[in-house]
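2 protein chains.
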Amino acid sequence: MTAEAKREAPFLKPERKARIDEVVAARTRTLTVVMEAFCDPQNVNAVLRTCDAYGVQDIHVVEGPQKPYDRNKKISQNADKWLDVFRWRSTAECLGALKSRGFSIYATHLGDGSVGLDALSFAPAVALVFGNESRGVSAEALALADALYAIPMRGFSQSLNVSVAAAVSLARAVDRREAERGRHGDLPEGEARALRERFYLLAVKQRARIAKAEAVSERRARRRA
Amino acid sequence: MTAEAKREAPFLKPERKARIDEVVAARTRTLTVVMEAFCDPQNVNAVLRTCDAYGVQDIHVVEGPQKPYDRNKKISQNADKWLDVFRWRSTAECLGALKSRGFSIYATHLGDGSVGLDALSFAPAVALVFGNESRGVSAEALALADALYAIPMRGFSQSLNVSVAAAVSLARAVDRREAERGRHGDLPEGEARALRERFYLLAVKQRARIAKAEAVSERRARRRA
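Top line first, the protein sequences correspond to chains A and B. Using the working numbering, you'd call the opening residue of the first sequence number 1 and step up by one each time. Using the working numbering, you'd call the opening residue of the second sequence number 1 and step up by one each time.
If we strip away everything but chain A, and leave its shape as in the complex, we get:
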């Protein structure tokens, strides 16, 4: 533990600490999401919130011309505070880095050569790539992908909303990982420890901010009285 974490940790309530430990135990870095040139910040933030809910710690954002990632707190419910969001200038750079770290790249694509979501294996390390809301994934991503997949569609719509597609994909990936390996969270103990300390500190700071805001409003109330 760092000196700061040691000094601050006692100020966390045991239930809050237990909650953090539980979240970290369910976190993974061997399943990740790449958002390529999204134009709607609401979609970026919905995906971040979904990643948090499914224990996905690392998220990669390839910025399009519109830079949609603006930490819209209302939609993400501040989920990105508890995530590692990496920003990239190009798809090639992002996917190249992931491939060199052993990730299989699966890109969502509605055309020829796509398999169903059920046909995918999610071991050992997989990055799911979601493309721009109207154009889909780029030709670059298609060329670099190890597999193209589509969520089976039973109706007239050709595609799902991109944040919905990401959620359905992650739900299936987590199910599959749990069925095959018995668990989804898989951070090595050193990484888990570091993440717990970081989250303890974040939680303590959050508590301090809330306490300060409460003190201010109490002083104001007293002055008015």
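Mixed in with the good hints there might be a few duds.
Given that identical chains are not distinguished, each listed pair holds provided it fits within a single copy or across any two copies.
[Claimed, not checked] When the alpha-carbon atoms are kept at most 25 Å apart in a straight line, the in silico SDA-like pairs for lysine to any residue are as follows:
id	residue 1	residue 2
1	Lys17	Lys205
2	Lys17	Ser159
3	Lys205	Ser157
4	Lys13	Asp112
What the hints contain is simulated information worked out from the structure, not anything from laboratory work. Bear in mind that the values here come from a model prediction, so they are computed numbers and not experimental data.
Given chain A's structure and the hints, the job is docking chain B onto it.
Using the frame of chain A, we list chain B on its own:
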């Protein structure tokens, strides 16, 4: 076939007709969705698009004070044209009608007494109720529900975006129905026939509109030439 359907059907291309037949074969009215007082039309429309994708023909909208259902074409990709959307003034009226028709009511709820999504059975007829984006489902819906359920959350966020929650629930329901009964689409033949005729007509009208628009732009182009 009605006289109109008979007259118009020959104008449909065989591929389009086959597509419609395929969609109708995958449609169900024994799984339905209730949206209660949503305030964001983008969420209503994302859910409609998801229902179409998962073969859910009937959708119930309980209108809140803000009447969010405005057929936002961009988001639903016009999915509601191929769906039956029923509007209700109150939750009691909507859920009462569904219960009297034999539907089990499952409401999403993050509090005490909720079971996991996996614990639910989706036979014989189930209505999934999703509540307002900030307040959740109403006390009325909680009281009328046969079961309360929550999607397991592994992170710090307390809930998913409502359109994401609906999609994850529907994906699971369809999987479960297919595993248990071998199929998801289950319209009685009379209803399936009626729906096919309705969709043929809609598709013919769509074709006619497109042809007309093309003729207009062609005439304009000739005039400019």
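Structure-based check of each hint:
Taking the shortest Cα distances, Lys17 and Lys205 sit within 25 Å of each other inside one copy (13 Å), while across copies they are farther apart (61 Å). Within a single copy, Lys17 and Ser159 get their C-alpha atoms only as close as 41 Å, which misses the 25 Å cut-off; across copies the closest is 20 Å, which meets it. Taking the shortest alpha-carbon separations for Lys205 and Ser157, only the inter-copy value of 18 Å comes in at or below 25 Å, while the best intra-copy value is 45 Å. Proximity of Lys13 to Asp112 under the C-alpha cut-off of 25 Å is restricted to the inter-copy arrangement: shortest distance 22 Å between copies versus 54 Å within a copy.
Going down the numbered hints, you'll see the structure goes against none, and every one checks out.
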